[in-house]
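Asker: Each chain, written out:
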Amino acid sequence: MASNPMQQFSVHKIGPEIKIAGIDLSFTNASLFMVISASIILLFLFLGTKEKKIVPDKIQLIAEMFYTFVAKMISDTAGSKAKPYFPFIFSLFMFVLFCNMVGMLPYSFTVTSHIIVTLIMALFIFIAVTIIGFAKHGFKYLSIFVPTGVPAVLLPLITVIEIISYLSRPVSLSVRLFANMMAGHTMLKVFGGFVISLGLLGGWLPLGFSVALTGLEILVAFLQAYVFAILTCIYLNDALNLHH
Amino acid sequence: MNRFLSLILASLAMQNNSFAAEAGMPQLDPTYWASQAFWLILVFTILYISIAKFYLPKIKNNLDNRENRIKDDLDDANKFNELSELKLKEYEKIMEDAKKKVIKIHVESKDALDKDIQNKKETIEKEIEKEILKAQKEISDLKKNSISDIQKISENITSNIIETISGDKLNESSIKAAVEDISKKNLGKYL
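Same order as they appear, the protein sequences are chains Y and S.
Here our numbering runs 131 ahead of the position in the first sequence, where the first position is 1.
Here our numbering runs 625 ahead of the position in the second sequence, where the first position is 1.
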């Protein structure tokens with residue numbers, strides 16, 4: 132079991148089976164780690180906002196840093212019009228970040244390493260952004276597919292490319308996060324397996340790799356959460372400020 | 626080395642077996658997709674609502690409070706700065722006025738003193754002049770008196786000398802004339 136690097140991604144039921152209208156909605160280890168990640172975020176924010184000090188203590192400072200970090204990210208990429216979507220982007224960033232980070236703990240489960248999870252988030256963002264775009268600009272939003280300053284000969288080709296790139300947004304957004312998380316965790320597991328199988332004599336090299344990879348994976352965990360949030364901001368920017 | 630290779634091969638074989646057993650990636654097994662979607666939406670909705678309704682306003686409130694506090698403090702500092710500048714100007718004005726006053730008093734008192742000194746000098750000079758005149762008059766009176774006294778004494782001395790030398794008593798008037806004649810000749814030297 133330990134030697135199978137994909138084993139860590141398997142989902143299994145915890146507790147009784149919950150079936151609604153013939154669909155299995157049982158509580159699984161994936162659900163458990165979603166709840167754990169969300170609980171850690173809420174606990175962290177609770178501690179970070181418990182005391183409203185003028186001079187903040189450490190945890191309050193970190194909470195405020197997250198706030199200003201996401202706020203700056205949104206205002207830099209999507210401008211002031213994106214302010215109403217700040218809570219969503221903040222929640223999204225925190226959720227992805229904490230799911231990735233909790234997944235770094237040994238024996239834990241990485242929620243974001245499942246394509247279905249990232250795909251649902253990406254699809255929600257894609258559909259919401261499209262709705263926002265049409266609600267703000269009406270049919271003029273379709274001009275996003277027709278860039279200005281392109282020669283007339285190339286225009287049909289460019290438009291087709293733009294449409295394909297727009298429609299592939301949810302796929303690229305979800306697969307990027309899912310693939311990064313899965314690949315990283317698989318690699319960690321493989322090197323961990325090598326440490327065991329090569330034993331005291333040859334295990335030191337993969338162990339060193341394992342340590343280095345753990346550092347890299349923590350970076351990737353943060354980076355992918357950041358990329359996920361900033362791409363959402365960029366898509367939102369396209370929908371809010373129509374200029375192509 | 627052989628042991629090393631066989632271990633890797635064995636582990637790879639085991640992996641392949643389990644891959645076959647679980648049909649590759651567990652992510653692509655749709656058994657729990659609905660469950661994951663359901664729990665994801667549920668958990669994320671709860672997270673979103675509590676963040677949006679509760680925590681973010683709190684953090685924003687606190688950040689705004691801090692910004693306002695800093696702004697207020699800066700405003701206060703500016704106000705106090707202006708006030709101190711005003712006070713400094715006031716102080717400088719007072720100092721300048723005082724300096725002017727000092728100069729005025731100095732000049733006035735100098736003038737008054739000069740006048741006083743001048744007056745006193747004049748009166749003293751007048752008094753000195755008076756005294757000098759008086760003294761001169763006294764001196765000349767004394768001189769005049771002394772001349773007549775000297776003449777009388779000279780006459781007496783002369784008559785006495787002549788009497789002692791010749792034994793005769795000379796005519797007083799002729800002695801007087803002789804003494805007068807000599808004293809007139811020599812008096813100029815002393816007067």
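It is worth saying that the hints were derived from the structure and are not from the lab.
Just to be clear, a hint being listed does not mean it is correct.
What the hints assert, rightly or not - Here are the simulated lysine-lysine pairs, PhoX-like style, with alpha carbons at most 20 Å apart: (1) Y:184 to S:696; (2) S:809 to S:777; (3) Y:183 to S:678; (4) Y:183 to S:685; (5) Y:183 to S:696; (6) Y:214 to S:678; (7) S:740 to Y:189.
Asker: Each hint needs a verdict: does it hold in this structure or not?
Answerer: Hints, one by one, checked against the model:
| no. | hint | in the structure |
| --- | --- | --- |
| 1 | Y:184 to S:696 | holds (16 Å) |
| 2 | S:809 to S:777 | holds (14 Å) |
| 3 | Y:183 to S:678 | holds (17 Å) |
| 4 | Y:183 to S:685 | holds (11 Å) |
| 5 | Y:183 to S:696 | holds (18 Å) |
| 6 | Y:214 to S:678 | holds (15 Å) |
| 7 | S:740 to Y:189 | violated (83 Å) |
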